[in-house]
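Please take these sequences and the hints and turn them into a complete structure.
Take a look at the letters that make up each chain.
Protein chains: 2
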Amino acid sequence: MKIGVLGGGQLARMIALAGVPLGYSFVVLDPSSDACATEAADLIQGAYDDTAALDKLAALADVITYEFENVPQASARYLATKRPVYPAADVLHVAQDRLNEKNLFTQLGIQTPPYAPVNSLTELQDAVNSIGLPAVLKTRTQGYDGKGQAVIKTEAELASAWASIGEVPAILEGFIAFDREISMIAVRNTAGEIRYYPVSENQHADGILRVARAKPSDAITPLAQSYTQKLLEHLDYVGVIAVEYFQRGDQLLANEFAPRVHNSGHWTIEGAECSQFENHVRAVANLPLGNTAALGHAAMVNLIGDLPSQAEIMQIADTHPHFYGKAPRAGRKVAHVGIRSQSSEALEATIARVNKLRGAAGA
Amino acid sequence: MKIGVLGGGQLARMIALAGVPLGYSFVVLDPSSDACATEAADLIQGAYDDTAALDKLAALADVITYEFENVPQASARYLATKRPVYPAADVLHVAQDRLNEKNLFTQLGIQTPPYAPVNSLTELQDAVNSIGLPAVLKTRTQGYDGKGQAVIKTEAELASAWASIGEVPAILEGFIAFDREISMIAVRNTAGEIRYYPVSENQHADGILRVARAKPSDAITPLAQSYTQKLLEHLDYVGVIAVEYFQRGDQLLANEFAPRVHNSGHWTIEGAECSQFENHVRAVANLPLGNTAALGHAAMVNLIGDLPSQAEIMQIADTHPHFYGKAPRAGRKVAHVGIRSQSSEALEATIARVNKLRGAAGA
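Protein chains in written order, with the numbering used here: chain R, 1116 to 1478; chain E, 1116 to 1478.
Note that these hints are calculated values from the structure, not bench results. Being a predicted model, the structure only gives us computed values, none of them experimental.
Note: identical chains are not told apart, hence a pair may lie in one copy or across any two.
Pairs of lysine-lysine, DSS-like flavour, derived with a Cα cap of 27 Å:
1. K1345 <-> K1330
2. K1117 <-> K1441
3. K1448 <-> K1471
4. K1441 <-> K1262
Have a look at this one:
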């Protein structure tokens, strides 16, 4: 069986590396000629809305999935007339639009930060009146890694914030004080079976994830699972999902979800019985799901913009380098370091050492 | 960096799958157009003695290694004039010839079963007179998985045994009663650092490995390490080696070694902190070696000649299927099942269930 992936970056690369041992082969559609997934997948080079490229993908692949959710919905719907596409194109309708996403959370009884739609400067003023400041103005579509966002601290900043995001449909979100950000990585297969990974605790800098730690048996787990379950079942979801939450006391406020494997789940390669990448393949290939239980004490540190050598990483015990085959460039995720330790103390000591490497959070 | 591999079968496939995350790419030389390593490696299709193919490999690869030791020594020596080749071509001189291999064991003080060279029917009679029966006649070169061997139980069988192996240079080995067969998988890098995996306990049927179990802290470990160390250091070896021993009481008798990653070490993918495949890449890439310590209770079951579906394997908890992308054919290794369990009891229960699958030892 051949699995098609929309997007040929590091997520598709790690999906393919996990799926080849299961006996599958992979083909990715990517606009770039040097998509890094091609070490373990064939490449169709083309735009995501190029019908000839989509036809080629559907001709080669038995089932199609994404590493990248900003694929045109029309492309996903077109592919779905030819092959099973997981998650379904309807999921993109929600995931690509922060307003639809927040509205669905609300509809399902999943708490969110306060939010309001903003389609004009006037509506922005109305939203600020109802939500208060500080707040974050976010484009409804296309934002990621902190892009398409403007923090508003005073009313004097409204016009410049509205201009800075390009005066496009947006939502204003109350800037809530939270204790930490977590994500729940879960997987659901076509039979409706669901498995949840231990909660990930996420540290960001400049809007980009830097460190994610596995937190098995965290007290917030039941609530995170319950919310995530509602979403998965409502969407009749197939594949891995990542739902990001802000935690405040014993409350979770849903921030957003990614309909794909997620950076905050990279620790599962070493730190879970079966990784998010293998479980995504299992789900879309209609197979029994793998065990999501933790293995040791695990974390992941992103290397961004700069890369140490393999040897510099490996000199630190318990580290597992994952290079993406991408040239370093400012702000670009070029590798991550998986860490699996025998104790939480050893894990923290190792994170501290890895954080001193070029490209890491503390560097 | 690009790593070249002589041979493009499942061992090269698993080397590449382990090495791509480290940031390396792979090219394999294989006579077959459908070499299964190509899911994660480029292919140069050609014979192992095809100078043009060897030139192409040396032009593409920064360093060259093997998944297959029966490469012509002249090819390895030719490649070594252009690129680093690990293990060195001299290792093939020993590994390809059972007599050289046994003589080296003896020279290094590593015990072996009784053996004698056989170049004629007369010499076979002399060897039987000195070693006794039963005994095994083995071709000096080219034998694997029980091929090129004849068991001799009575003197009446000498001529037919000599004929059956093709009347080629051979050795006769005393057919010793042993308690079990183990292998020691170890790795040495260019800096001379050595790491040893836990001993593997190997079960064969019809001369083919069926099940291998990791045996951390086995009492025989120090002796197995000591013998293996002598071999690695004498050969100035770089890469993973597998040395097979017969154990009789507290004695080890060296049977043979493979200058490559080995089927009896496949359990290291799930059952060790760093797998034999990744450690082989680390060694030939001149990197610090990974931790060879056991992770949980691990084993490997080969699937030979026939394949269950992915789902049939995954329905058994704690199993990790590894399909090689090869069509099933009688006697052909087409997949293995890695198993990592929380206890030795759970491991044995899982092995028993896996052994009922098509292609497995008990099927």
